[in-house]
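Trainee: Listed here are the chains, written in short residue letters.
Number of protein chains: 2
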Amino acid sequence: MSKKIYFTPGPSELYFTVEGHLKTALREQVGSISHRSQAFKNIYKETEENLRTLLNLPADYKVFFTSSATEIWEHLIRNCVENESYHLVNGAFSKRFWEFSGLLGRTNLKHESEEGNGAKPGDLNIPGSSELIGITLNESSTGVSYPLDWLKYLRSTYQESLIAVDGVSSIPIPEIDFSQIDSAYFSVQKCFGLPAGLGVWLVGPRCMEKAREMNAKGLLSATYRSLLSLEKSASNYQTVETPNVLAIYLLGKVVIDMLVKGIDTIRRESRYKAAVLHQMIDDLDWLSEFIPEKELRSETVVVANCTRDNDQVVKQLEEAGFVIGKGYGKFKTSQLRFANFPTHSREQVEQLADVMAKI
Amino acid sequence: MSKKIYFTPGPSELYFTVEGHLKTALREQVGSISHRSQAFKNIYKETEENLRTLLNLPADYKVFFTSSATEIWEHLIRNCVENESYHLVNGAFSKRFWEFSGLLGRTNLKHESEEGNGAKPGDLNIPGSSELIGITLNESSTGVSYPLDWLKYLRSTYQESLIAVDGVSSIPIPEIDFSQIDSAYFSVQKCFGLPAGLGVWLVGPRCMEKAREMNAKGLLSATYRSLLSLEKSASNYQTVETPNVLAIYLLGKVVIDMLVKGIDTIRRESRYKAAVLHQMIDDLDWLSEFIPEKELRSETVVVANCTRDNDQVVKQLEEAGFVIGKGYGKFKTSQLRFANFPTHSREQVEQLADVMAKI
Numbered sequence: 054m055s056k057k058i059y060f061t062p063g064p065s066e067l068y069f070t071v072e073g074h075l076k077t078a079l080r081e082q083v084g085s086i087s088h089r090s091q092a093f094k095n096i097y098k099e100t101e102e103n104l105r106t107l108l109n110l111p112a113d114y115k116v117f118f119t120s121s122a123t124e125i126w127e128h129l130i131r132n133c134v135e136n137e138s139y140h141l142v143n144g145a146f147s148k149r150f151w152e153f154s155g156l157l158g159r160t161n162l163k164h165e166s167e168e169g170n171g172a173k174p175g176d177l178n179i180p181g182s183s184e185l186i187g188i189t190l191n192e193s194s195t196g197v198s199y200p201l202d203w204l205k206y207l208r209s210t211y212q213e214s215l216i217a218v219d220g221v222s223s224i225p226i227p228e229i230d231f232s233q234i235d236s237a238y239f240s241v242q243k244c245f246g247l248p249a250g251l252g253v254w255l256v257g258p259r260c261m262e263k264a265r266e267m268n269a270k271g272l273l274s275a276t277y278r279s280l281l282s283l284e285k286s287a288s289n290y291q292t293v294e295t296p297n298v299l300a301i302y303l304l305g306k307v308v309i310d311m312l313v314k315g316i317d318t319i320r321r322e323s324r325y326k327a328a329v330l331h332q333m334i335d336d337l338d339w340l341s342e343f344i345p346e347k348e349l350r351s352e353t354v355v356v357a358n359c360t361r362d363n364d365q366v367v368k369q370l371e372e373a374g375f376v377i378g379k380g381y382g383k384f385k386t387s388q389l390r391f392a393n394f395p396t397h398s399r400e401q402v403e404q405l406a407d408v409m410a411k412i
Numbered sequence: 054m055s056k057k058i059y060f061t062p063g064p065s066e067l068y069f070t071v072e073g074h075l076k077t078a079l080r081e082q083v084g085s086i087s088h089r090s091q092a093f094k095n096i097y098k099e100t101e102e103n104l105r106t107l108l109n110l111p112a113d114y115k116v117f118f119t120s121s122a123t124e125i126w127e128h129l130i131r132n133c134v135e136n137e138s139y140h141l142v143n144g145a146f147s148k149r150f151w152e153f154s155g156l157l158g159r160t161n162l163k164h165e166s167e168e169g170n171g172a173k174p175g176d177l178n179i180p181g182s183s184e185l186i187g188i189t190l191n192e193s194s195t196g197v198s199y200p201l202d203w204l205k206y207l208r209s210t211y212q213e214s215l216i217a218v219d220g221v222s223s224i225p226i227p228e229i230d231f232s233q234i235d236s237a238y239f240s241v242q243k244c245f246g247l248p249a250g251l252g253v254w255l256v257g258p259r260c261m262e263k264a265r266e267m268n269a270k271g272l273l274s275a276t277y278r279s280l281l282s283l284e285k286s287a288s289n290y291q292t293v294e295t296p297n298v299l300a301i302y303l304l305g306k307v308v309i310d311m312l313v314k315g316i317d318t319i320r321r322e323s324r325y326k327a328a329v330l331h332q333m334i335d336d337l338d339w340l341s342e343f344i345p346e347k348e349l350r351s352e353t354v355v356v357a358n359c360t361r362d363n364d365q366v367v368k369q370l371e372e373a374g375f376v377i378g379k380g381y382g383k384f385k386t387s388q389l390r391f392a393n394f395p396t397h398s399r400e401q402v403e404q405l406a407d408v409m410a411k412i
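Top line first, the protein sequences correspond to chains Z and W.
Numbered according to the numbering used here, the first sequence spans residues 54 to 412.
Numbered according to the numbering used here, the second sequence spans residues 54 to 412.
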């Protein structure tokens, strides 16, 4: 079985240096070291510091490791929402976050866009009582991506609310101004090209403050994953449970590789590759853009309607060495999804477009 | 840097086949496959089925994957305890489970033994109102291990309560009769010799029933990790979040290796190696048993008081190629801990004892 190139929207192709780093990890016995040891603290510190540089993260932000982004939805509500949260819903993942808030007994308000669309600023009328606004920068299920201007708009219009940004399948591509938001989070199996099993939670000072207030009122129900526990552990490069040490190590190494390549180069290449994929959709008469508005089309998860039997397309692509994604949920049989992550080279994306043109 | 042999109580030495399996995983691109794919379902199914065989798990037990055992403490309380739980506390980890119950607003009762000791049956007077009894079969912090008879005693004496067994650093060594208990859980970085980042939760029918009752009353606060969600996902070999696919794959492979070797052989070797370690403690005048009662001494985490500077001992051992653990918590400077996990061969344990005798 020869290796294939994964263009699935995550888990996806591993970052091209991961195999080498994994071999080094085995040689250095990273899988055996204690999470209480200095060796682990050094790994945590290195990963955190390089991530701060890559993302241009303000000094007053905290970096916490969790097992998934799903988990972070729950922690955001338990730690930062006493009564009410508001969610911009435009696909399965933003909806799930909204649902979590309800499951946790909060009033969960939403603005729901049709799939393939996003909210317009004028659409929203978020009550002052909403303590947190959840926005999914890049909906992996539909490929809808909010322009970064949205974050500034939300901040300037709803100054009292905390702004939590789901960056699962987009960070580090969008140049987020973290001073305009209060928290962001992502999973490593998307743009960072790592095996699944690690979430990264970036937490700004206003979220920390809110958690402290809730704690003072006896309202923190997050046990060991309260922001206060996380902060205490992280201040000494420790975690609140035995973590996925290997994943934290690998993330640190990939972030260094990205710094060496340069985030500007990575972002420029991302734009170029997205253009190739959109051109491909335009060129093929059996594909069409799912998202009508150009400025909402994601760079990192490109979604197309497909009039051919998409099962057949996926199979033919696989025979040619490329694994692509089908649509999500109700679009499972009618769409195709293509990841455009930093590990995907320009040549690979061009090859993919060539193969698509020939089938 | 030449490789060392880790005798730390977990994370510890990787199971001797893990490196090979990891290389196969890279070749088969396990890190890239979708957790929604048939390929992942096959991995989940294989791992689950082989684990059932290895542990002789009854058919009515469920197998769920989490990110750690710490997490399972929280889920046990949220899913199976309305008002009150009871905990046999004899070290840091059993105490932490007890604390979680309090943090979650339940009445958390305990019997606390001095460290190095365990409860005696006559010590306990567990109220009928305690819905769940937590027992830590093997306290990784102190090396106290309850004999299996304890589970039968608890079941026959407290028939109304659910019995939850912390098997973190002992499963699959003790031959647990799962029909005598209601749940057990473990982490893969102990006896299974895997990198940290996966917990396994075994859930019997009475726990499932309790969760259903609590759900009917609107008392389940576990969101996506309610037993009902976990059950629904697992019935189709799916998980409630993007899981640590690679760890589930590796666990499945190690379990096959253990089945090939034979669990009886593994258990017999474990007893032999534990005897070597206890003989070593007996032979060296600067070591002594921490746990006075022989029948409470763990086979898998052997703990000794150390009258020499234990920092120096650890360093000298490391120079000789062995990494051992220091004491936990307040015993950090006065004890040594030695893991005796299935990956440790008889020869390695004998070598360790030889080196200890020479320093």
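To be clear, the hints were calculated from the coordinates, so they are not data collected in a lab.
Only a predicted model underlies this, so the values are computations on that prediction, with no experimental measurement involved.
Take these hints with a grain of salt, some might be off.
[Stated by the list, open to error] The calculated lysine to any residue pairs, modelled on SDA-like cross-linking and capped at a C-alpha distance of 20 Å, are:
1) LYS173/Z - GLU135/Z
2) LYS368/Z - SER55/Z
3) LYS57/W - GLY382/W
4) LYS56/W - ARG208/Z
5) LYS56/W - LYS285/Z
6) LYS57/W - SER55/Z
7) LYS76/W - SER286/Z
8) LYS385/Z - GLN291/W
9) LYS347/Z - ARG208/Z
10) LYS383/W - SER286/Z
11) LYS285/Z - GLN291/W
12) LYS148/W - PRO180/W
13) LYS148/Z - ARG320/Z
14) LYS115/Z - LYS347/Z
Trainee: Looking back at the hints listed earlier, which ones does the structure fail to meet?
Mentor: Going through the list in order, the structure violates hints 1, 3, 4, 5, 6, 7, 9, 11, 13 and 14 and respects the others.
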